[in-house]
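Enquirer: So you can see what is in the structure, the chains are spelled out below.
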Amino acid sequence: MPPLQKKICMAGSFAVGKTSLVRRFVESIFDERYQTTVGVKIDKKVVQADGQELTLLLWDLAGEDDLAQVRPAHLRGAAGFILVVDGCRSHTLETALSLERRITHETGPVPFVLALNKADLASGWEISEAAIDPLLRRGWTCVRTSARDGRGVEDLFLSLARKMLEAKE
Amino acid sequence: MPDEPQGNGHGSANAFAELRSLLVGPEREQLADIRRRLDDPARILQDLGRVLPEAIRLRSKDRKLRLALHPIVEESIRVSVQRDPRMLADALHPVIGSAVRKAVASALQNMMLTLNQLVEQSVSLRGLRWRLEAWRTGKSFGEILLLRSLLYRVEQVFLIHRKTGLLLLHREASAVVVKDADLVSAMLTAIQDFVRDSFGAPENAQLETAQVGEFSVWIQHGSQAILAAVVRGAAPRELQQVLQDTLWRISLDRAADLERFEGDASPFKTCAPDLDACLLGKAPAAAKRNSPLLWLAPAVILIALGVWLFFSIRAHRRWEAYVGSLRQQPGIVVIAAEKHGGRYQITGLRDPLAPDGRALLAASGIAPDQVSLHWEPYFSGQPQFAAVREFETRRAALERLALYFAFDQSRITPEQLTVVGGVAADIRDLFRRAAAVQQSIRIEVLGHTDDSGTEQHNAVLAQTRADRVAAALAAAGVPAARLSARGGGTGEAPGPGTTEDPGAVRRSVTFRVVGGS
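Going down the list, the sequences are from chains F and E.
Residue numbering for the first sequence is 1 to 169, as defined by my numbering.
Residue numbering for the second sequence is 1 to 517, as defined by my numbering.
Just so you know, the hints here were simulated from the structure itself, not pulled from any lab data.
A hint or two may mislead.
Computed cross-link-like contacts, BS3-like style, restricted to lysine-lysine with a CA-CA straight-line distance of at most 30 Å [stated by the list, open to error]:
| hint | chain 1 | residue 1 | chain 2 | residue 2 |
| --- | --- | --- | --- | --- |
| 1 | E | 269 | F | 168 |
| 2 | F | 168 | F | 44 |
| 3 | F | 163 | E | 102 |
| 4 | E | 179 | E | 269 |
| 5 | E | 269 | F | 163 |
| 6 | E | 179 | E | 163 |
| 7 | E | 269 | F | 44 |
| 8 | E | 102 | E | 163 |
| 9 | F | 168 | E | 163 |
| 10 | E | 163 | E | 61 |
| 11 | E | 61 | E | 339 |
| 12 | E | 61 | F | 168 |
| 13 | F | 44 | F | 163 |
| 14 | E | 64 | F | 44 |
| 15 | E | 163 | E | 269 |
| 16 | F | 44 | E | 163 |
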C-alpha cells in the first residue's frame with residue numbers, strides 16, 4: 001500500500017496544551033511563533049495503522065476564544081481533526097463542543113478524536129465521567145492524554161488514523 | 001364422401017380458428033400491436049425518447065458513445081454559432097469574462113514588472129556598470145543584461161494539492177538542502193490563506209510571489225493544484241510562463257487524479273519529468289570561466305604600464321642630465337630644449353672653441369639620431385676661451401715673423417740679434433700661454449734660401465741659417481729641447497713676407513708652432 005498523507009487540524013481553547021501535546025511527538029521545522037503570526041503552525045507525525053503508513057500533517061490552529069476565530073480556510077481539506085480539552089477547566093469542553101460543530105460544518109463529517117489533556121494532574125480534574133458519557137454514546141472517541149508524561153499521545157494519533165482509514169473504506 | 005371431409009373440413013377449420021384464437025389470441029394481438037409500433041415512426045420516437053436520456057447517462061463513461069457524439073456536438077455548436085453567436089457568447093460569458101480579465105491583469109502586471117526592471121537597470125549603479133561593460137566589451141547592452149541579470153536557479157518545485165495543502169510531488173535541483181517538503185508545502189498553503197485573510201483580498205486573489213533575501217517563491221494557482229518554485233537569484237519573468245504551462249498541463253492530464261485525491265500521492269510520481277523541466281537555471285559559470293582572463297588582462301596592462309613608466313622616466317632623467325651637462329658646458333648657451341614627436345631638439349649658442357655636444361650625448365646614453373642640435377656661433381666671454389684665443393693670436397703672430405739674411409749669408413747681425421731677443425721673449429710667452437690652456441707645443445725654426453745657386457749649397461745654407469737662429473734663441477733663454485731647426489729648402493714656402501723682392505723674402509728664417517690644437 002502506498003503511504004498516505006492526511007491533513008489534520010488541532011483545535012481547542014487557549015492553553016489547553018495543543019502545542020505541548022504535539023511538541024514531543026512530532027517532526028517540526030517551524031518555530032512556535034508562526035502560530036501567533038500566521039495563525040497556524042504545521043507539524044508532521046508519521047504513524048503506522050493496520051499496516052498502512054500514514055503521514056499526518058498537523059495544522060495546529062491558534063487557540064480558540066471570543067476574539068480569535070478559527071479561520072475556515074485552515075480547515076479546508078482536513079481529513080480529520082483533534083479537539084483538545086483541558087481536563088482541569090470544564091469550560092474548555094464546551095468550547096470543544098462548539099468547535100466540533102463549526103469544523104464539521106466546514107469540512108463535512110470527518111473523523112475526529114477528543115483529547116482530554118493534562119491527565120497527569122489528578123487533583124483539580126473538573127471534567128466528570130458524566131460529562132463524557134453522552135459524548136461516548138454519540139460515538140465520540142475520547143483519549144486521556146498528558147503532554148507531560150506522554151500518556152495517551154501515541155494512542156490519540158493512532159485512534160484518529162484508524163478512524164480515518166475506516167472512513168475511507 | 002367429399003362433403004363430409006369438406007363439411008368436416010369447414011367445421012374443423014372454424015373450430016381450429018376458434019381454438020387458435022382462444023389459445024394465442026392475446027399473443028396475436030400483442031404481436032400485431034408490436035408490429036404496429038415498429039411500423040409507426042411516431043411511436044418509435046416516443047419510445048426512444050423515453051429511454052434515451054437514461055441510456056446515455058448509463059453509457060456516459062463509454063468511449064464509443066463519446067466518439068459517436070463528438071462530431072454531432074461539434075457540428076451542432078458550429079451551426080448554433082452560425083445561426084446566433086450571441087447565445088453561446090451569453091453562455092460562456094461568465095467563464096471567459098473572468099479568464100480574460102485574469103489574463104489581461106497578468107499581462108499588464110508582467111508589463112509593469114518589465115518596465116520597472118528596465119527603469120531600474122537604466123538608472124541604477126548596476127545598470128551603469130553594465131553599460132560600461134557593454135561599451136568596454138563591444139557587446140550590446142541587451143547581451144550584458146542577459147548575461148549578468150539572469151543568474152538564477154530554480155532550486156525546488158512543489159506540486160501541491162490545493163484543497164488540502166498536501167504535497168503531491170516535490171523535486172529539487174542537485175545539491176540543494178531541502179527541509180521537510182511536506183511541511184513546507186502545507187505551510188505555503190497556510191501562509192497564502194493568511195495573506196488573503198489578513199489583507200482582505202478577494203477569494204480568488206492569490207499570493208503569487210514571496211521574496212526572502214536572495215530567495216523568492218513563485219506560485220502558480222490552478223483550480224485543483226498549486227505549483228510553487230523556490231528560486232535563488234533573479235529569474236527572468238519567462239519562468240512564470242514555464243510554471244504556468246506546466247501547471248496547466250498537469251491540471252489537464254491529471255484532472256481525475258486531482259479530483260479524487262485522498263492522500264495517496266503515488267499517481268503523481270509520473271509528473272516528475274514535468275517538474276524537473278521547471279528546475280531551470282543559469283549558473284554564473286561563464287563569469288567564472290572568464291575570471292582568469294579578467295585578472296590577466298589588468299595584470300598585463302599593469303606590467304606594461306610599469307615598463308613604459310620605467311623607460312619613460314629613465315629617458316626623461318637622461319635627457320634632463322644631458323641638458324644639464326650642456327648648460328654647464330662653458331661656451332654653450334642652451335636656449336631651448338624640447339621634445340617634438342619623440343625627437344629631442346636643442347637650440348642655442350656655441351663658442352666654436354666649445355665641444356659641439358655630440359661627445360656628451362654619447363656619454364648620456366641617448367641615441368644620437370634622436371637628438372638634433374642647432375647652434376648659433378658666438379664668442380664666449382669665459383676666461384678659458386679668452387686665453388685660448390689669445391694663445392692662438394700670439395701663435396699666428398709668431399708664425400708671421402721672419403728674420404731676413406743678406407745674399408748667401410747665414411751670420412746673424414747685431415741688429416738681427418735684437419730681433420731674435422724679441423722673438424725669444426715671444427716664444428717664452430707663447431710657451432706660458434700654451435701651458436695655461438693645457439697645450440704642449442714646440443717651435444720649429446725653418447731656414448730658407450732664394451733659388452739661385454745649387455740646390456745642395458742652398459740646403460746647407462738653409463740648415464745653417466736655421467741652426468744659428470735656434471742657437472741664438474736658446475742663448476736668449478728658450479729651452480733648447482723645445483726647439484728644432486731644419487732647412488726648408490727652396491721649394492718650401494717661406495713665411496709670409498712683405499717685400500717686393502721675392503729673393504729677399506726667401507733668404508729668411510721663419511717659425512712654426514708644432515703641437516697643440
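Enquirer: Each hint needs a verdict: does it hold in this structure or not?
Expert: Here is what the structure says about each hint:
Restraint check for residue 269 (chain E) and residue 168 (chain F): the C-alpha separation of about 22 Å stays at or below 30 Å, so the hint holds. Note on residue 168 (chain F) and residue 44 (chain F): the hinted pairing holds, with a Cα-Cα distance of about 21 Å set against a maximum of 30 Å. This hinted pair does not check out: residue 163 (chain F) and residue 102 (chain E) have alpha carbons roughly 42 Å apart, beyond 30 Å. Using a Cα cut-off of 30 Å, the hinted pair residue 179 (chain E) and residue 269 (chain E) holds, with the two alpha carbons roughly 20 Å apart.
Between the alpha carbons of residue 269 (chain E) and residue 163 (chain F) the distance comes to roughly 27 Å, so the proposed pair stays at or under 30 Å and holds. Our distance criterion of 30 Å between C-alpha atoms is met by residue 179 (chain E) and residue 163 (chain E), whose separation comes to about 22 Å. Only pairs whose Cα atoms come within 30 Å are accepted, and residue 269 (chain E) paired with residue 44 (chain F) is accepted, the gap being roughly 21 Å. For the proposed pair residue 102 (chain E) and residue 163 (chain E), the alpha carbon gap of about 21 Å is at most 30 Å, so the pair holds.
Of the supplied pair hints, the one linking residue 168 (chain F) and residue 163 (chain E) holds, its CA atoms being roughly 18 Å apart against a limit of 30 Å. For the hint linking residue 163 (chain E) to residue 61 (chain E), the alpha-carbon distance of about 26 Å falls within 30 Å, and the restraint holds. For a cut-off of 30 Å, the pair hint linking residue 61 (chain E) to residue 339 (chain E) is broken: about 100 Å separates their Cα positions. For a cut-off of 30 Å, the pair hint linking residue 61 (chain E) to residue 168 (chain F) stands: about 24 Å separates their Cα positions.
As the CA atoms of residue 44 (chain F) and residue 163 (chain F) are separated by approximately 18 Å, the hinted pair is consistent with the 30 Å bound. Restraint check for residue 64 (chain E) and residue 44 (chain F): the C-alpha separation of about 46 Å exceeds 30 Å, so the hint is violated. Straight-line distance between C-alpha atoms of residue 163 (chain E) and residue 269 (chain E) comes to about 19 Å, which keeps the hinted pair within the 30 Å bound. Among the hinted pairs, residue 44 (chain F) with residue 163 (chain E) is consistent with the structure: their alpha-carbon atoms are about 18 Å apart, no more than 30 Å.
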